[in-house]
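Given the structure of chain C, go ahead and fit chain D onto it with the hints provided.
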Amino acid sequence: MPKYEVRKEDLERLVGRSFTLEEIEDLLFDLKAELDDYEDGIITVDYSDTNRPDMWSVEGLAREMRGYLGIERGCPTYDVRPSGLELRVDSSVQRVRPFVAAAIVKNVNLGDAGYEQLIQLQDKIMLTYGRKRKRVAIGTHNYDLISFPLRYTTADPDAVSFVPLWSDRKMTLREILREHEKGREYAHLLEDFDRYPILLDAQGRVVSFPPIINSNDLGNIGPETRNIFIDVTGTDERAVMTALNAVVAALVERGGSVESVTIVYPDRTVETPDLTPRQFKVSKSYVERISGLHLTEEQFRELLERARYSVLSVDGDLWTVAYPAYRSDIMHQRDVVEDVLIAYGYNRVEPKLPNIMTKGGASEYTKLEDAVKELLIGTGAQEIATFILTSRSVLERAKHVPVVVLQNPMTETFSLVRPALFPTVMDFLSANTGEDYPQRVFEVGDVVVYDGSSPTGTRTEQHVAYALAASNATYTDVRQVLEFLLDPLGVSYELRAKDYPFYVPGRSAELLIGGAPAGHIGEVHPEVLEAFGVEMPVATFELSLSKLLEVLR
Amino acid sequence: MEPERIARSLSELERRVIRYVDRRRSVSDVARAAGLSEVETMRGLQYLSNKGVVRLIREEQERIVHTEKGKAYLNQPLPERRILDALKDGPKSISELPVSKEEFSGAIGLLKKEGLVRFERGTLTLTEKGRNFVFPWERCYDRLDCLDEESFKLLNRRGLVTKEKVVAWYAEPTELWQEVLPHVRDDLIDSITPEILRSGEWKGREFRAYDVVSPIPKRYYGKRQPYYEFLRRVKDRLYALGFQEEEPGEIVLSMFWNSNALFMPQDHPASDIHDIYLLSAPKTHAEIPPEWEEYLERVKRVHERSWGYKWSDEKAWRLVLRSHATAMSAMLLAHKPRIPGKYFTISRVFRPDEFDYKHLLEFNQLDGVVLSDDISFRDLLGLLKDFAREFAGTDRVKFKAGYFPFTEPSVELFVKHPEKGWIEIGGAGMFREELLEPFDIHVPVIAWGLGIGRFAMMELGIQDIREFYSKRLGYLRSARKVWRV
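As given, the protein sequences belong to chains C and D, one line each in that order. So the first sequence is residues 26 to 578, counted in the working numbering. So the second sequence is residues 612 to 1096, counted in the working numbering.
Only chain C is shown next, with the shape it has when bound in the complex (with noise of 0.2 Å):
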């Protein structure tokens, strides 16, 4: 969920309209927002969609509130004139970062609310929309110093070189990635490669090197900058356009013009920004249907221009509609449903119980569960929760066999995946050498175990563990509760002498359900006792439910 922070004063005159708190605060719920903190007059916007770069910043956030509140309707237009600029793209970046948009934004007045905001935005799209500016990267520039065509290509690591941003020296591209911290923070992304992407002015400086910085001469804005040249470069065309859009369509809001530059590639050409609203046809019956609205044609024709859309023309049930160049998030009639239900307040919607017999019930997993813990609660035995999620040391004590290991787990406590209740459960009973014993606990849970037969390799089963640890515990004493589990179950089983390398020798045995192996028993081996820290005899038994489902199905 990107957070970004608005200055109340510069929303207020930005909306045109100004607003106590909680105005603000009920106005951001209703547009898919929280308000986050209030301090010294900074508001802190907690805004849910991940799809919506245009909403993070105070400007567009203001262009919706003007929607919303009537102020302003329809789609947002936008004017763009050609500035006959070229940025011609080198085919050598196919590999590394294959694409690239431009745009200029003309006679800007940032002041310090708009460069902080513009700053923001270009951190809020890059980190989240842009996949830590793996898919997309912006970069920000002093449109006056630069001089055209610009050319966007590839370069060896050593052999440029110049002042990247807060810096005062020239450094290499290879340099930069080693001791600039933005270099090391996003070094990874150009691990792959041999030359690095870079884009040159006319005069062959530096303009940036995305996605890591900017030239500390050419794309250092402030306040004061009027005239802005904005580069936006990425792995997907289309995030690239979108955050190009958001950016430009933010700087309008400051009183910006725009010029477009057109965007040389070996093999094509493309005029950017392209801020022509987009059309899309939406059946009005579809809308009432999903949203259970019943709308007027004038009704609904209000909420589509308070969401920012304009009504093109109407056929019938079919309405062609536009909306803002700067969304992506527009892939099916269903996104309009939603815009169309904010206009008209969630909380204005009034409730229904859906109308539809259906019968409950728990699943068959569960109607075993409830079974057999109620047995072993009859037998005196506590219920006990462990984690799924454990370590080697857990189970190298309890002489079991790793299955599912984590690739990146947070803490070796917890890095691999039990393959049995076993070993969870003599870590429980370990944690408890002080409480009075006897003990009788047992747990029923997940494990993954191995299965060359299934797809992933591993099939997850639901297991039950019994374990009695006291002075005089037996084989005897836990196999009289299996059988008491068993017995009233209905289920047909019979035991084979087995041994196993974590319950005494000639003390354990194979548990059969249908013929086919379920589980074990057995008085655990002293060296696993010793393992655990655990001076009291301990006799356990472990069985699989969902074998034990099998054959009861």
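Just so you know, the hints here were simulated from the structure itself, not pulled from any lab data. Among the clues, some could well be false.
Cut-off 27 Å, straight-line C-alpha distance, at most; resulting in silico cross-link-like pairs (DSS-like, lysine-lysine) [as the list claims (entries may be wrong)]: (1) Lys1009/D to Lys28/C; (2) Lys159/C to Lys1027/D; (3) Lys996/D to Lys384/C; (4) Lys1082/D to Lys829/D; (5) Lys1027/D to Lys377/C; (6) Lys377/C to Lys829/D; (7) Lys28/C to Lys1082/D.
Covered stretches of chain C (in silico footprint by chain D; criterion: 3 or more residues with CB under 8 Å from a CB of chain D, positions within the stretch not fixed) [to be verified]: (8) 153-167; (9) 363-376; (10) 479-486.
Here the structure is a predicted model, which means the values were calculated and not measured. Cβ atoms here follow ideal geometry from the backbone N, Cα and C, with glycine treated the same way.
Only chain D this time, still in chain C's reference frame:
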């Protein structure tokens, strides 16, 4: 309690000791008199003291005891005695004496000082006085019960005895004792045994009364784990609302089933390595079962068309741990659910995160779907309102537009909490058609999820979320039952 009832409630042990506490006596005295061990006596007196019949007094005393070195002379005479006895046969040189060098140097001073021996040119001779002399401590050395102060000091200096603190218990009668004693009877039936029942011996006799109110040791039987029991209660409520529970699903999933089948693009931020667990064993990628191929192709086409990116099979088949319960809904939709139908699941999900009082690396999510030709956004809000009443006990709700990649429109449910103000308790929406299309489902589908962790914390009175999986048996044994009318 009445003295008579007290008398009738005395156990055999109590009856055997009570009469000997006629005045202040040490516990060992009582034990000796009653012919019981000190432990039994103490237990009997303890019970009597609980009933207010006797008073137990604890006193700390000093007692003279042998040191380790001193204990050696319990089996053989002290060095001074051995020297004196040896000299009775005639004078002897030091090496002829039956003592060690160290013992000799410890004893010779004493012997000379008392004038019991003469020591000349390496030879010791017994004096007349020495022939029949007995040191005052010699008689007492074994029991140490008649040692005078001087002797103690001397032996203590030689490292043979020392003083240690001991606790001594005394019992004395209370006023009640006087009143109880006359009623004490020996003809009561103590335990009802099968033998007594068989013989009919009990007939016409009285039974010993019990102390039925004093505290007794706790014993623990079996009960459910509180958090799991809470989850079970949540399920009950959903059954009552007409929701069918889904069967348990797989924890290890491909990215495809965890995310992409839900229309989440492959480069969605939630697919990031910081937000999802990847596997390094037993496999890193899933195989593609042939029966799914057609469906996969459809999903891939929808993604490329709608999100405008190049689909990667490598990313789709990357194995992960289930990161949200909505993944279960994808599986449900793929397996021909009933329409109309209402389903839910409570599933464990896994995310790399901090591990502290408000974050876990694995937790349970409650997710569900409603499929019907006859539902709209209004039904979704109605359902959420119902959940708020059912799970948060409130009608004060408000709705905010939300964002989930798989639903549109999307909504977040807020309820008014008496202390915390408006809090979010769930997210919901209507599944996007791009998601439903490959499953061949052509009716609106409501999808919802409720933050049950929050309800559980309130219900269980827990501040630290790690308590859900408490390793403390003591807590589990004494935990309050999750129960509400």
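Do the hints match the structure? See the list:
For a cut-off of 27 Å, the pair hint linking lysine 1009/D to lysine 28/C stands: about 21 Å separates their Cα positions. For the hint pairing lysine 159/C with lysine 1027/D, the CA-to-CA distance comes to about 41 Å; that exceeds 27 Å, so the pair is violated. With a C-alpha separation of about 20 Å, the suggested pairing of lysine 996/D with lysine 384/C holds against the 27 Å cut-off. Taking the CA atoms of lysine 1082/D and lysine 829/D, the gap is about 20 Å. The hint holds against a cut of 27 Å.
Restraint check for lysine 1027/D and lysine 377/C: the C-alpha separation of about 20 Å stays at or below 27 Å, so the hint holds. For the given pair, lysine 377/C sits about 52 Å from lysine 829/D by alpha-carbon distance, which is inconsistent with the 27 Å threshold. Simply put, lysine 28/C and lysine 1082/D have alpha-carbon atoms about 38 Å apart, too far for the 27 Å limit, and the pair is violated. Counting residues of the region 153-167 of chain C whose CB falls under 8 Å from any CB of chain D gives 4; the rule of at least 3 is met.
With 8 residues having a beta carbon nearer than 8 Å to a beta carbon of chain D, the region 363-376 of chain C meets the requirement of three or more and the stated coverage holds. Note: the region 479-486 of chain C has 6 residues with beta-carbon separation from chain D under 8 Å; the three-residue rule is met and the coverage holds.
This entry does not satisfy hints 2, 6 and 7, going by the numbered hints stated previously.
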